[in-house]
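Listed below, chain by chain, are the residues.
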Amino acid sequence: MTKTNPGNFFEDFKVGQVLRHATPRTVTEGDRAAYGALYPTRFAVPSSVEFAASVGLSPAPVEELVAFHIAFGKTVPDVSLNAVANLGYAECRFHRPVVTGDTISTQSEVIGLKQNSNGKTGVVYVRSTATNQRGEIVLDWARWVMVRKRDADAPAPEPVVPQLAPFVDADDLVVPAGLDFNAYDFAAAGEPHRWDDYEVGEKIDHVDGVTLTDPEHMLATRLWQNTAKVHFSTEARPDGTRLVYGGHVISLARALSFNGLANAQLIAAINAGAHTAPALAGDTVYAWSEVLDKAAPAAWEGSGVGAIRLRLVATKGRDESMTLRGDDGRYAPGVLLDLDCWALVPR
Amino acid sequence: MTKTNPGNFFEDFKVGQVLRHATPRTVTEGDRAAYGALYPTRFAVPSSVEFAASVGLSPAPVEELVAFHIAFGKTVPDVSLNAVANLGYAECRFHRPVVTGDTISTQSEVIGLKQNSNGKTGVVYVRSTATNQRGEIVLDWARWVMVRKRDADAPAPEPVVPQLAPFVDADDLVVPAGLDFNAYDFAAAGEPHRWDDYEVGEKIDHVDGVTLTDPEHMLATRLWQNTAKVHFSTEARPDGTRLVYGGHVISLARALSFNGLANAQLIAAINAGAHTAPALAGDTVYAWSEVLDKAAPAAWEGSGVGAIRLRLVATKGRDESMTLRGDDGRYAPGVLLDLDCWALVPR
Amino acid sequence: MTKTNPGNFFEDFKVGQVLRHATPRTVTEGDRAAYGALYPTRFAVPSSVEFAASVGLSPAPVEELVAFHIAFGKTVPDVSLNAVANLGYAECRFHRPVVTGDTISTQSEVIGLKQNSNGKTGVVYVRSTATNQRGEIVLDWARWVMVRKRDADAPAPEPVVPQLAPFVDADDLVVPAGLDFNAYDFAAAGEPHRWDDYEVGEKIDHVDGVTLTDPEHMLATRLWQNTAKVHFSTEARPDGTRLVYGGHVISLARALSFNGLANAQLIAAINAGAHTAPALAGDTVYAWSEVLDKAAPAAWEGSGVGAIRLRLVATKGRDESMTLRGDDGRYAPGVLLDLDCWALVPR
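So the sequence lines, in the order shown, correspond to chains A, B and C. Going by our numbering, the first sequence opens with residue 84, and the numbers climb by one from there. Going by our numbering, the second sequence opens with residue 84, and the numbers climb by one from there. Going by our numbering, the third sequence opens with residue 84, and the numbers climb by one from there.
Rather than coming from a laboratory, the hints here were simulated on the basis of the structure. Be a bit skeptical, because a hint or two may be false.
When chains are identical, the list treats them as one kind, so a pair holds in a single copy or across two.
Taking lysine-lysine pairs in the PhoX-like style, the calculated list, with each CA pair at most 25 Å apart, reads [claimed, not checked]:
#1 K232 / K377
#2 K286 / K197
#3 K86 / K97
#4 K286 / K312
#5 K203 / K286
#6 K286 / K232
#7 K197 / K232
#8 K312 / K377
#9 K377 / K97
#10 K97 / K286
#11 K197 / K377
#12 K312 / K232
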């Protein structure tokens, strides 16, 4: 019997099945430093224990995307080792900040299955939940991925397609316990812009670009224990390129967005995400954002916290026109990432 | 007088001489994160403080190879700065886990000397011992290396060739204090395979490949304060390539071996190691293992711990036939590393 | 209104103006490890908590250059985003060691302004001060930089050129509280050379070279939250190269200087620094030092501490002749960095 993990094929998944993923992973100050070396992030909360404490968060959390990447990476060996394509994610909520010393474990429940008409592949829907060492939920999200069948003759399962929300309702966003933006130090944070200053429909060109290199995206992807071979080996894809992990582009765009969104301190939810083109070493990545919505739920009264819903777009090459789609409705050339998220900002 | 270190030449070594190496080095959580960024490791014990505690190890140790690389790196300026070739090592035992905060110091005793017939070089045998801040032995090993003579006319020393064991006797392996695999969580660890499931003679193809890059091996090698110039400078070797530190290949192969050996949680000994070909940036490294032996010393009764002796082979390019040597008895083309070690697994 | 930071132009600066820089940054063990992966440093004090404690420093400080780079990086968005050239720095003093957990904040005061005769640019002089979370000064330094005007027609300010000392007076150097080199362990530190062994005028060739790579200098520069785009994007400079951050060359030269200056444990001051040529990926960097002066202020009596003033020179390609300037008085070809600093060594 082979001892290596062949991964699950489409016919191995059953609706209701729960997959407990290896390996639990403790977050450390080393991760915080590595994250800061890999991405040009300058957000004050994860950068400074003093600033974090001044807004009620002590110990200081690491960036939400650290938790996201770790949790996501764990699902790869069980969910997407035989994936043809990552189709999307939705309903990702960050329930509580992750601090150093926390150990993250992840499990997934299969919530949908639909074989493709070609009979060779199918779409698997999972809801994944990451918990800390106290069993508290850190984040959860839904994801759907196209997976190969081992045996094209295996019977198709009853199709089950879950209803996923187009975005997380603002009333369902979690404001971390203790978060209070009333004494927010705008000078220390780097920009004066408040919740009131952002308008729905406003677009922000984040200006700076970063050229991707293979060693950097490999270091990042390994850090999250994501072992999908297309990221690491020049022998895994026909053209010999190493595909950049989509999460690397997310983190890069998020970090670049500091310039204009320095006060979007915390990510509360990822509503949707599409990786619209492959990113490769040599590509210079830029970012722009659009304010899609704003919310200040009554329950947050007094905290000084508001939410803005952002479309965060990463592009290959700078597009000062900030065009998402062409006249044909398709993504404009150069668009690498279209991410819809909620961020928490001071009012 | 020059103030820079010229290193020791063959005639500088005397049998019985003790070399105290600089620089003591404290291990931190930063090292754990850096290791995880550099190698695709997912072993549960060094990855999770919770998992480590569940098997009796608290605080959580770092990977044994972190200690090995640090200790080994310290010996370079005194032992192998003028080396022509690293010929081998043997009798490497890990005496106790290294945890963050431990400070590692290393010293070496010259245990053998033999001038080569060409009169220009000689083989130096040392036994190196790494200790922690309490003076406890962390690991020790023997190593032999071919070193240049400063002066070809210097007289040859009396040849002394130490008798080194072909492998560490299972009864001499150290099970870390407190280690107890009875409540081992196989799902969290990632694979169901126990000591009983591995058979002597069994081979495991670890499937995945990683393409080497110069920045990554340099970051790794520096982290261990190993300053041998062939790893860092394009001006050190005639062809302008930077030679990958052999230990980088060991760590990479060990990490790749997770896929099939996820429960080989701890390395207890390195019996022998041969770096059979140079590794360079651009090479895609794969690994396979062979189970050479199994042991469960009576003294370990009740701990749930067994040992398997493994040949861990790294190759340039994947060799699904897992061929170590050709019909001529020489290493097969593509073999980079032939490492013989003992690992501790749950019974 | 645009929300991104356009940076300050020459006419935005006023003498006496105080700029409070974002983002406060907490130093962690992750930074220490990252520093050790990026630079071949082996100095015993920042490497070992045990060694540091043995000379009176507990907890163990990180390298002074960690603090320097973090503090310097903070000034970039406000001071040098529209810089044409970094002209120099002076009077940099390290007031107290930075230990992990310290949070560094930086502010700058404009101390001079002088428009250039072309009317398009001007020189801005600032004194920057980095403080820790207790408001204690960690380091301060003066710097002058040539900055573009937004509007060439803006009136020239009254020229103010501050008088800066050619070097910090030895009596003004700060010996960290508690530092005591009387029980200094030279074997652990790696070299036997004391203060007495260094002679004014002596030059030391540090021998080893390191070839620069783009990923490494980008990781380093990001770690310090320095976001100057010429370091990160192939689209920022006409020839598509990424300029290596000058501080990367300083840290590299400092680390290489271990070989011959292993006991120059702490940097007490940077008197002057000139980046005399751009450094790029592919360049192999070497270093040499010249002892410019020695001092042992009476106030240090009994501490076992002396100071040596060093010229630390980084070169592209090794120059065993250690030539700083040609007969024409200009920097010799290959010189990248000419740094004048004070270091603390055991007497």
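These are the hints, each one checked on the structure:
1. Within a single copy, K232 and K377 get their C-alpha atoms no closer than 43 Å, and across copies no closer than 37 Å, so neither meets the 25 Å cut-off.
2. For the homomeric pair K286 and K197, neither the shortest alpha-carbon distance inside one copy (37 Å) nor that between copies (37 Å) is at most 25 Å.
3. In the homo-oligomer, the alpha carbons of K86 and K97 lie at most 25 Å apart inside one protomer (23 Å), although the nearest pairing across protomers, at 49 Å, exceeds that limit.
4. For the identical chains of this complex, K286 and K312 are inter-copy neighbours only, at 22 Å across copies versus 36 Å inside a copy, given an alpha-carbon limit of 25 Å.
5. In this assembly of identical chains, K203 and K286 lie within 25 Å of each other by CA distance neither inside one copy nor across copies; the values are 42 Å within and 32 Å between.
6. In this assembly of identical chains, K286 and K232 lie within 25 Å of each other by CA distance neither inside one copy nor across copies; the values are 43 Å within and 27 Å between.
7. Taking CA atoms no more than 25 Å apart as the test, K197 paired with K232 passes inside one copy only; the shortest distance there is 12 Å, against 61 Å between copies.
8. In this assembly of identical chains, the alpha carbons of K312 and K377 never lie at most 25 Å apart, being 40 Å within a copy and 31 Å across copies at closest.
9. In this assembly of identical chains, K377 and K97 lie within 25 Å of each other by CA distance neither inside one copy nor across copies; the values are 39 Å within and 38 Å between.
10. When the C-alpha separation of K97 and K286 is checked against a cutoff of 25 Å, the pair qualifies neither within a copy, at 43 Å, nor between copies, at 32 Å.
11. Taking identical chains as interchangeable, the C-alpha atoms of K197 and K377 are never at most 25 Å apart, the minima being 35 Å within one chain and 46 Å between chains.
12. For a Cα distance limit of 25 Å, the shortest separation of K312 from K232 inside one copy, 19 Å, qualifies, whereas the shortest one across copies, 46 Å, does not.
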